[in-house]
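Number of protein chains: 2
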Amino acid sequence: MRIHVQNPAGDAVFAITPEHWSAAVARNPEPGRLDVSFASDDAGFASAIRHAEVLLTTTKIVKERFPAGALPGLAPRLRVIACNSAGLDRLAPFDWLPREITLLNNRGTHAGKAGEFALMSLLMLASHIPHFATAQRAERWEPRFGSVLAGRTVCIVGLGTLGGAAAHHARAFGMRVLGVRASPAPHPDCDEVLATTSLDTILPRAEFLLLACPLTPATQGLIDRRRLGLLPPGAKVVNMARGAVWDQDAVCDALEAGHLAGCVTDVTVPEPLPSGHRLWRTPGLLVVPHVSSDDPNTYTDRTLDILLANLVAMRDGRPLPNRVDPDRGY
Amino acid sequence: MRIHVQNPAGDAVFAITPEHWSAAVARNPEPGRLDVSFASDDAGFASAIRHAEVLLTTTKIVKERFPAGALPGLAPRLRVIACNSAGLDRLAPFDWLPREITLLNNRGTHAGKAGEFALMSLLMLASHIPHFATAQRAERWEPRFGSVLAGRTVCIVGLGTLGGAAAHHARAFGMRVLGVRASPAPHPDCDEVLATTSLDTILPRAEFLLLACPLTPATQGLIDRRRLGLLPPGAKVVNMARGAVWDQDAVCDALEAGHLAGCVTDVTVPEPLPSGHRLWRTPGLLVVPHVSSDDPNTYTDRTLDILLANLVAMRDGRPLPNRVDPDRGY
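Chains V and D, in that order, are what the protein sequence lines are.
Take the first sequence: its position 133, counted from the start at 1, is 136 in our numbering, and no numbers get skipped.
Take the second sequence: its position 217, counted from the start at 1, is 220 in our numbering, and no numbers get skipped.
Calculated from the structure, these hints are not laboratory results.
The structure presented is a predicted model; accordingly, all values stated were derived computationally and were not measured.
Check the hints yourself; a few may be wrong.
Identical copies look the same in the list; a pair holds intra-copy or inter-copy alike.
In silico SDA-like cross-links for lysine to any residue, where the CA-CA straight-line distance does not exceed 25 Å [said to hold, decoys possible]:
hint: 1; residue 1: Lys63; residue 2: Arg147
hint: 2; residue 1: Lys66; residue 2: Pro324
hint: 3; residue 1: Lys63; residue 2: Val39
hint: 4; residue 1: Lys66; residue 2: Phe97
hint: 5; residue 1: Lys63; residue 2: Glu145
Kindly produce the complete structure, drawing on both the sequences and the hints.
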């Protein structure tokens, strides 16, 4: 099987190297004979993609290289596109993707780091850290005392890798965890799970709201101005999903009005957030530049483990654990 | 036994009320008949202190009310001063205190909240949050990726309530925990414990350094410019002790020079930190206004439980768990 790895030019942190590959092959079951090539430039891509059966790369590169209709001519033998991201919303709509090509993400990679980031964000909001960061900008000493997490309620929207890891830590610290996802199947780290359609009934109980769902047509704008108004006064919000899942301006308004008491967001619209944007200056809002879930020490290794496991499953005719359904978007 | 509670005027968060007292007496063993009075003004203090055998109040009030030599005349029957703080450094030197009077602190009150604050600070430093707060002030999107805590090394100076709680959480997240305290007795949540006199040998291994010791003559200026230089490049520092435990200017210099990669401090010199102070603007340094360890929902209840347990021990002739040794300072 011919595999091509196309790295972004100039990314030293998440580049996938031949050393990563050798180590991954050594620690995983073999899915068969694998010929792998690596490139980070145009020429390397152009020559390798003509023969590649599997492409491992970033969503940004997929988006740039395969405008609608281009793929069959450029990559006649391609059967699998594996992205080193969990959220593939950048690739929607999926009109560029021939349906016989399997699209894989790397969900599962992010659990350790994302779980710690989620717990950190909850602890920061409980301790009023975004408020103190705002006060520090104005050089003002403004003590506010905060209680421990135990006994308080968090609503987690999305119970995939990120939301599940968040629920696990929140539960371990004694929080009451209310989960929300497309179908209300129980989750081992949630006290209750409700369907997204019941979101309105759960928001008034959410002292903390943590967003960890994929961005899809169903979640775009999910937390709008009206739903922010359903949160109890003084509620605190974490966004580890995508900026388009909430109404960003309404969040800023709610912080300025004091309806929300604090916010940590790892995602913004747009990214990178430009200088002069309102979000930088909204009181009680801490902007983190989209790094919540990526551990540079383990990210590439986990991504390759996941790819190899999926290739073994494909060889054996089993369902692929990381297949993305283009109709669903995740 | 006559007990007087002197509250600070105008503190609604930590005032001790008759309701707190009744609840505490109901849930604790009785140390004997107790007559309790409450005041927050001068007149209330003046009349009650003449008869009080136990005074429960803040270190600030003790400091103001009992200048050296004043106590015997003002409070002829006083046997116990109980402070609703763990650190009594504000009362040093203890020349104002007749040696027949027992001084109690409320150590033990802070474990839950302080442990969460310590863990939060370690997670924040691992995720470069102080750096992002600095970048936000300049409205700059500057991603830096950070790894999970597991496998990394933290050196915790002081293994009392705060340091012990910090060690517990750090260990639970897979960190290697090096403890430092006056005597190198083992600690259940530390991989190693060294005496403070061995601090120089441990600092080069401390990717994270967390200060949680009392401020005493032995710890004043402990983390000076030379010792900051012994930390590995890129080290991260948390101060939950007192600002005088480190050389604050040297910390700022080390952050500006990039030797330290980040800092969260709950304590400053002076407090409150005035506008215009260098600390507010030091890059990678987050200033928290001395709130790390006080949980407003449990603080007063725990303080009263501790006082009553000490009064029972006194009645029974047992050692008092919260007695402060003025020679040692804690």
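Pop the pair Lys66 and Phe97 into one bin, within, between, both or neither, using alpha-carbon distances up to 25 Å. within (10 Å within a copy, 71 Å between copies)
As a check of your reading, is Lys63 near Glu145 (CA-CA no more than 25 Å) within one copy, between copies, both or neither? between (43 Å within a copy, 19 Å between copies)
Could you place Lys63 and Val39 in one of the four classes (within, between, both, neither) given a Cα distance threshold of 25 Å? Answer is within; shortest intra-copy Cα gap is 21 Å, inter-copy 70 Å.
Within a copy, between copies, both or neither: which one fits Lys66 and Pro324 at a CA-CA cutoff of 25 Å? within (23 Å within a copy, 66 Å between copies)
For Lys63 vs Arg147, is the C-alpha pair at or below 25 Å within one copy, between two copies, both, or neither? between (42 Å within a copy, 19 Å between copies)
Hint violations for this structure: none, all hints satisfied.
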